[in-house]
Every structure is written in C-alpha cells, then in structure tokens.
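Trainee: So the sequences go chain by chain: A and B. Residue numbering for the first sequence is 157 to 904, as defined by this note's numbering. Residue numbering for the second sequence is 425 to 660, as defined by this note's numbering.
For the record, the hints were derived by calculation from the structure and aren't laboratory data. Be a bit skeptical, because a hint or two may be false.
Partner residues aside, some chain A positions facing chain B, computed with beta carbon under 7 Å [said to hold, decoys possible]:
| hint | residue |
| --- | --- |
| 1 | A311 |
| 2 | C316 |
| 3 | G318 |
| 4 | D583 |
| 5 | E585 |
Glycine included, every Cβ here is placed at the ideal spot set by N, Cα and C.
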Amino acid sequence: MTKVKLNGEDINIEMTKDEFEAVKELLKKEPNVTELGMFDVMWSEHCSYKSSRPKLKFFEDAEKNYDYVLAGPGQDAGVIDIGDGYVLAFRIESHNHPSAIEPYHGAATGIGGIIRDILCMGVRPIALLDPLRFGCLKDNSHSQWLFKYVVKGIADYGNCTGIPTIGGEVEFDDSFESNCLVNVACIGLGTKEDFQHAPSKAYNPGDYVILMGGSTGRDGIHGVTFASRTLTEMSEADRPAVQIGDPFIKKMIIEATLEAVKTGYVRGLKDLGGGGLTCATSELTGSGDTGADVDLRKVITREPGMNSYEIMLSESQERMTFIVKPEGLEMVLDVFRKYEMSFAVIGRTDDSKILKVYDGDELVVSIPSKALSESPTFKREEKRPKYLDKLLLEKTPKRILSLDEIIYKLIASENICSKEWVYRQYDHEVGVRSVIKCGEGDSGVLRIIGTNKFIAASVGVNSKHCFLDPYEGSKGGLVEQCGNIISNGAKPMAMVNCCNFGNPEIPESFWYFSKSVDGMNDFCRDLKIPIVGGNVSFYNEDEVKKTAIKATPVIMIVGLIIGQENIITLPFKEEGNEILIIGETYAELGGSEYHSVIYDMEGGIPPKVNEREIKKRWDYIFELYRNNYIKSNHDVDKGGFIITIAEMCFKHNLGARLNINDYNSNRLKDDELLFSESVGRFIIEISPADHDDVMNLAEKFGVYVKQLGTIIDSPEIIISGFQVKDIKLDLSKMKSLYDSTLPDMMDI
Amino acid sequence: MSVKIAVIQFPGANCDLDAIHVLKNVIGIETDLVWHNHFKESKYDGVILPGGFTFGDYLRAGIIAAHSPAIDEARVMLKDGRPILGICNGFQILTESQFLPGALLRNDSLKFVCKWVNLKVENNATALTNQMNIGDVLAIPIAHGEGRYFTDNLKELEENNQIVFKYSNEKGNITAIANPNGSMDNIAGICNLERNCIGLMPHPERASEPILSPNYTEHGKLFFDSMIEFIKRRTS
Chain A
157 MTKVKLNGED
167 INIEMTKDEF
177 EAVKELLKKE
187 PNVTELGMFD
197 VMWSEHCSYK
207 SSRPKLKFFE
217 DAEKNYDYVL
227 AGPGQDAGVI
237 DIGDGYVLAF
247 RIESHNHPSA
257 IEPYHGAATG
267 IGGIIRDILC
277 MGVRPIALLD
287 PLRFGCLKDN
297 SHSQWLFKYV
307 VKGIADYGNC
317 TGIPTIGGEV
327 EFDDSFESNC
337 LVNVACIGLG
347 TKEDFQHAPS
357 KAYNPGDYVI
367 LMGGSTGRDG
377 IHGVTFASRT
387 LTEMSEADRP
397 AVQIGDPFIK
407 KMIIEATLEA
417 VKTGYVRGLK
427 DLGGGGLTCA
437 TSELTGSGDT
447 GADVDLRKVI
457 TREPGMNSYE
467 IMLSESQERM
477 TFIVKPEGLE
487 MVLDVFRKYE
497 MSFAVIGRTD
507 DSKILKVYDG
517 DELVVSIPSK
527 ALSESPTFKR
537 EEKRPKYLDK
547 LLLEKTPKRI
557 LSLDEIIYKL
567 IASENICSKE
577 WVYRQYDHEV
587 GVRSVIKCGE
597 GDSGVLRIIG
607 TNKFIAASVG
617 VNSKHCFLDP
627 YEGSKGGLVE
637 QCGNIISNGA
647 KPMAMVNCCN
657 FGNPEIPESF
667 WYFSKSVDGM
677 NDFCRDLKIP
687 IVGGNVSFYN
697 EDEVKKTAIK
707 ATPVIMIVGL
717 IIGQENIITL
727 PFKEEGNEIL
737 IIGETYAELG
747 GSEYHSVIYD
757 MEGGIPPKVN
767 EREIKKRWDY
777 IFELYRNNYI
787 KSNHDVDKGG
797 FIITIAEMCF
807 KHNLGARLNI
817 NDYNSNRLKD
827 DELLFSESVG
837 RFIIEISPAD
847 HDDVMNLAEK
857 FGVYVKQLGT
867 IIDSPEIIIS
877 GFQVKDIKLD
887 LSKMKSLYDS
897 TLPDMMDI
Chain B
425 MSVKIAVIQF
435 PGANCDLDAI
445 HVLKNVIGIE
455 TDLVWHNHFK
465 ESKYDGVILP
475 GGFTFGDYLR
485 AGIIAAHSPA
495 IDEARVMLKD
505 GRPILGICNG
515 FQILTESQFL
525 PGALLRNDSL
535 KFVCKWVNLK
545 VENNATALTN
555 QMNIGDVLAI
565 PIAHGEGRYF
575 TDNLKELEEN
585 NQIVFKYSNE
595 KGNITAIANP
605 NGSMDNIAGI
615 CNLERNCIGL
625 MPHPERASEP
635 ILSPNYTEHG
645 KLFFDSMIEF
655 IKRRTS
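Model the full structure from these sequences, guided by the hints.
Mentor: In structure tokens form, the structure reads like this:
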C-alpha cells in the first residue's frame, strides 16, 4: 500500500509512488478518485502483467510462425484452425486467492470467468479442465474443507452451464496448505466465421456500447488488486472482494451471446472480469484505436446510490459488453429480450481515442483509451535459492520396507490414488462429445460432430519436480502433458500455460518463474508446439509460514486425432500380449512420490528432459500407430512404471508377469528403477506376432524399447529379476487401495 | 406420414441440443428446438423435455419451468395421448407439473453424480418403451444431484404398473449397490396411467451412439424408436 495526496487528501492506493507519478504524467493532470481507482486496478499485477511481461516477451510469436494459429498470447484466448471450417479456442486461468478465502464461490467464479473468456472469442464453450492443488488431506480439516468446496463450486457451476468437465489434475503438497491453487481451463468450438465476426475491439466509431447480463453491484470491488497481494491473516477481511456467481445467468448469457453473434451485427465483444467495466471499455477502445462516451446512469445497478468509482470498478459476475453496428441494434436487443436478459445501451464509440465516462451530465472520467493498458513494467531481480544445493544432494535413505509394501503405500497415496471422488461430481458427458471420459484415459477426448476429427486435452505439471529444478520441471510438464494426449493417439497442436508462483519482488521466487518460462520456451521451440496463451499468478505465498508455494507452471496441451480408429485407450486388452516400455529409467528420484510418501523428503536429483530423445520416441509411437501395432498405451507418471502397469490391468481384471533384469541397463538399485519418475516413458501393449517389427522399428528410430513381460489372465503382477527375491502384487488389493483413499478421507 | 417432434428449450436447459442431435442425426426424424414461450402443441406429434437446470433449479428443481406456458400446451398433448418424454430435469418438471406422481429429492450422497448405470425394463407397454422387452438391461448414464425418487403411494404405482425402469446391476438384479441415488425401490423412471408420458433420470440421448458408450451399445435409441413407433401406430 502506498499513501498519496490527492486534491489535498491522503488516500491509500496499491500502486507505487513512481506509478502514481506516471499516471499524472500520462493524464497531464491530477487524476480524480475514480480515475485513480481505474489506473490502480488496470496497473495491478493481475491485469497488467507488469512483472512478467518483460519475460513473456521471449515467447515466440505463435501467430506469425504457425499458419494454423489464428490468435496467440495477449488475447482473451488462443485460437487454432483445426480444418473443416472449425476453430478451437482455449485458455487457462488461475483463481487462487479467492478460492483460498472462499473455496465454493472462488472456484465457481473461476469457472465463470474462463467461460466468458472463451465466449468472447465468439465460440461455444465445450469443455472444462481443472488442475487443483491443496495441502495434504490426511488429518488436515482445513485442506479437506478447501478441497471439498472447490470441487463442489466447480461442479455446481460447470454442471449448470452444460459444459462438461473432461479432465484435470489434483496435487496435494503442504506448500499449498493455506494458498491452494485453483486453475481453470476452457475449450471452445466454433466455425471460422464465428471467430472472425466479433473481435475484442471497438474499431468503428459510431457503434453502440451495450452492457448485457447481470446487474452491477458492490461485490468484487478491487478483486484484482486483492489477487495481486500475498494472502495474510487480514485476508479474511477481503472476503467481500470474492464475487458471487450465478451459473443460470451464465448459461443464458452463453446462448444469448452466441445467438447475437450469429446475427452478424455484433462488431466487438468483451467479457467483464477482473477490472470490470474499466477493463472492458478501455481495452475495447484501446485496441480498436477509438474512444467512447459512456453514461454510468444507464448501467443497471443492484442497489441505489452506487457512485462512479463503484460502478467502474465493480467485478460483479455474469456481464458482457457488446459493440453493435447501429443498423443492427434492434436485432441484437431482440435476442437479449428473447432470453429475458437485462441490458443497457450505455454509450457509443467515437474517434476521439479518449474514454469519457459521464455520471448523467457530469464528466467524471476522461482518460486516453490506451493509457490504462500502458502500465510501466518492472525488471525484477532473480536469484537461485541457496537451499537448492543442499536439497539436490539429498540421498535416498536405505530401504527398510519391502518393494511390495512400498508399492501398496504408493498406490494409496493422495497424489497417485484414483480421483473418481472428484470427477463423479462433474457432468463429463453433457454435449454428447465425450469419447474418452474422466478416469478412462490419460487425456479427455471429444469428438467434433460432423467431422471425423477428435480433440484431446490434458493439463498439469509436477510441482515437486519444478521445486527442485524449474527449468527441467516445466519441460517435464510439457513432456508429460504431450505424453498424455499421445497415449490416446493425438498429435500435440498447441499449448497454453498458467504460471503460479510466489512474490515476484522476492528474487528467489522470481527466479522460479524466469527459469520455468525459459524451460517452456526452449522445449516448445524445439518440438514445434506453439504457445498460444498464458496467465500469470504471483503472490502465492503463506504469510504465516513465510514460504512460497512450490513453483507450478501448469501446462495445457490440446491435440488432434483424425479418424475414430486412431483413438488409443489405456486398459490392457488381451492375455498373452506383450508389455513393452519405451524410454530408459534413470536414477532420478528427486521430487518423486516414493521420496515424499516413504521418507517424507523433498530432495534428490529430479528428472531431466532430453528433447532429441523425446522427439524420437514420439515419432516412433506414431509410426507404430500407423501400423496398428499398439493395442493400449499409457504414459508413465507419478510413482513409476509399476503403478502405470497396475492402472492398465484394472479395467479388465488382467495381470502381468514381468522380468525387469533386461530393462535395467543402467544398473540402478531396485527402488531407483521402480520408482524414478524419469519423464517421457510409455507402457504399450502389442501382439507377440508384431514383436519383431516393433523392435526393428525401435532400432530404426534409435529409440530405447524393452519388453518387460506379458499380460496374464489373473489379477496379479509378478515381478522377477531383482537383486532381491521376486515380488507378487495382488491387484484386487491394489485396486481397493487405489479407490478408497479419497472417499475414506472425504465422505465422513 | 411425416412425424414431427419438439424439444422444448427452457431457460437453463442444457441437454436440448444433445436431444436435437440424436433425433435429427441419429434417428433421422424432423425435430424443432422450440423456445418455451413460443411452443404450440398443435404442430407436433410428440414432445421432449430435455435435461439441464431450468431456471437454475432455484427454489426447487423443475418447479419454475412447471409454470411455463409450454406446460399448458404439453398438457393438451398429455390429454389426447401424444407421447411426452421428460429426461432428468425434464422428469423433475413432469413431477412438479403433476403429469407424473411423486417427487425427486436430493441424492442420498448429497453429491452430484455422473456415471453409467444399468436400467432394468419393468414395463414395455408404453409410448417410450414399446421397442424394449421386459427384463432387458439397458446401459445409460445419469448426471444429477436431485434424482432420488420418492412417492408416498408406492403400492398404487406398483398396482398400476407405472414403474417403467429400475436401477439394476449388469445381470438385471435390483440391488442396493446398483442404486446410485437412494431412489425408493430403485425406481429410475415412471409413466402415467395412460402410458403416454414417461419421465426418467438417466439420459437416453447420451447413450444412442456406440462411440459414446463404454461397451459400444446404443440402448438410448430404443426410447426414440419407441416414440416414433407409438406415433405411427396412433395415427394409422
């Protein structure tokens, strides 16, 4: 907080003294309270990306370098052309701070916000995905409370709007105990014309400015500045800054907006999210190079007596701004009338390039349209944390538990166990597109009705790995998410990210952000994956414990499958088929679930990514797909490859007989081999008849592939080839442990 | 003879387009999506009340939609024997409108539940089940928070053979484990005395194409096929 003098009075603002001076410079006058409030919000970290912008500039220009990318970073959502006249829009965003204070409404309005972002690209939202992070659940009623109500908030809002939640991720780690992470992603589908109809700008003077949807109330004022601070004990008092959502109104807004866009009379479209009417009007006119006259008395307010400051800064949910061609005004309004949506024509655009806001006859705001989006940026310092040296040197303790005991503990652990408790509460079928549903594959797969195309999406990252090495960890996140959709047969098309980090003013926290951006950038450039959007959430810290969250650069990958016959699924299909592993395992136990669950330790050497190796594996897998060699495929993730194999056995009650001796070419210890989380590995099922062809292709592609064993018709995994005696795992016991962890903890 | 079906679009319905897709593209029947205030019964041979959260399910699921003018129109169809199908929220609207007896309460788990379940056919002499056999087990998904069927007159329902579907296991056994929401007697769907109006919580429109079903079944289609058959028999 900064104290400044405005017209002789002391007032508190969030911006710095230098920024305050910059505002005066821009306006060439002393701002009034409303104007200053507008700058305060628009120049907040949340709206302006002032700490992250210099770094994000390094991302390559996706629109320029990839012809199928129609909208890249900086827009409300990334948009790609998937052929047949269709486009996909997608974006991911954080709603961490509101959810940490008020989990139900915080999560619900997060969903509401991301839906609006997709909607204002002119396309229909068709899928939601939610990566979530909480403190460990066991014996922690606070974490259980946050988890329960975040999931309920997402379910109640998402289900009501009729958008299926097709995927997501949940991680539990103590660093998220007081600052949980609630990231929300949405995918939209439309025709190319839908997308081109209504850009997020007001570029034509003389158009009408219409505010449609819910009324404007006093809720959520300064929500974004609240999101740009660290949570403190005082944050309880911020609860009024959390907005309340109404999914029914949102559903009506979706239908009314899509129908209005179809009339052809909507020239510009922008949702009201962070920064409310201030953000919508300034960004529309700013990017359209126009100005506008807006009359606040026309705005439908929820209560009488709201002043211009409150109306301009309110973040009340469920509102959209339309820029409408004069000749089509009545046609558009008729659509709103049909849906019984309230609306107000609040102004008109002009060529003044100045945003003028009136309270009746009185001019209360006069700001150059572009000024609000021209915040100064900060060059933040970065410094590698000292504690990392010690952490990276940590050694795995001598193993006391037997290997089978460890595997049973791992499969029941919070981060590995089944997330059915979560996705049963989400309607993941509405829309009749869901082909691979929650819990049935590595990614969510949707059909595009009327074409032979399918899209696959996966979201997540491993924060334990990123904590030890953000550069390799974020690359690992990309390998993992791409691996998930590749397992289902999809080719990665584009990526969006959601960067969740600590306070950027602390050099060690900023270092994590900086390295993560470098990692994503390098990997995507090498593997030719366009980065089409992102979101940055800083200040995720626990003020009481004085610790930042583990660095969490969440990644969402969207890919395409052509032809139903090319969809690959996870469960093992047939007894007698061979089980192969693609990719080597290295001694990379740092940040593994094995370390955390068995030894309660965080250190060690985390996985590294070799882009060339990864590229070869992906090419090889697609070659196997082309020849129909792969019967099932599952990407190796947390807990190592035995967990992967167990998950493939569950559905059809099959089992596996394995010998790991031949695979252990790096002569690792038994626990290193089984539990390392080396990235980019796959377990595939093939028919013995294809064995030689598959191995010959591996040699041709230069990919490391070994047969681990065969599928058997009894629910057990028998593993031999250890330095110690063979082990035998009971799959029905594993399944019951896998299934019961969350219900046992949450359904009391 | 041309058959024409209406799918009513209440504010907040969200399975309306799914029903339209199945009727038009899978079954191949002429179907209109009709805004609730614009619905006129005289143009249609049958009507579907789709799933969703009409009016946000505020106050009580289905009760506000039950007061829409569309329900007055549908009541004419109910009286003259044309087929009416209420799916999920549509079922809730039908009980709130007293087209069907009983009520749908919050699931016993107190949570929304989305999963594939098995339905055992108990009555195939209705407008929506004439292409099924008694005892058939259908795989169809549910997705609801308030689907626990309750009636204070179960005996009458049984005597009049108004119970059309019960939740069962794969073999058709009516067990407690197979009951996903605590419905009385595992009831998943019922009909009126005249057999032309049926409401059920599961979503046949989500189970009408093999690509969407876990075991590549298309049991949901039977509902729509039955409806067409019923209309043809009725008008011939």
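Trainee: Now look at each hint and say whether the structure bears it out.
Mentor: Status of the hints after comparison with the structure:
The beta carbon of A:A311 is positioned within 7 Å of a beta carbon in chain B (closest approach about 5 Å), and the interface hint is therefore held. Interface restraint check: A:C316 against chain B, minimum CB-CB distance 4 Å, threshold 7 Å, status holds. Checking A:G318 against chain B by beta carbon gives a least distance of about 3 Å; that is within 7 Å, so the hint holds. About 4 Å separates the beta-carbon of A:D583 from the nearest beta-carbon of chain B, less than 7 Å, and the hint is met.
Residue-level restraint check for A:E585 holds (minimum Cβ-Cβ distance to chain B is 5 Å; threshold 7 Å).
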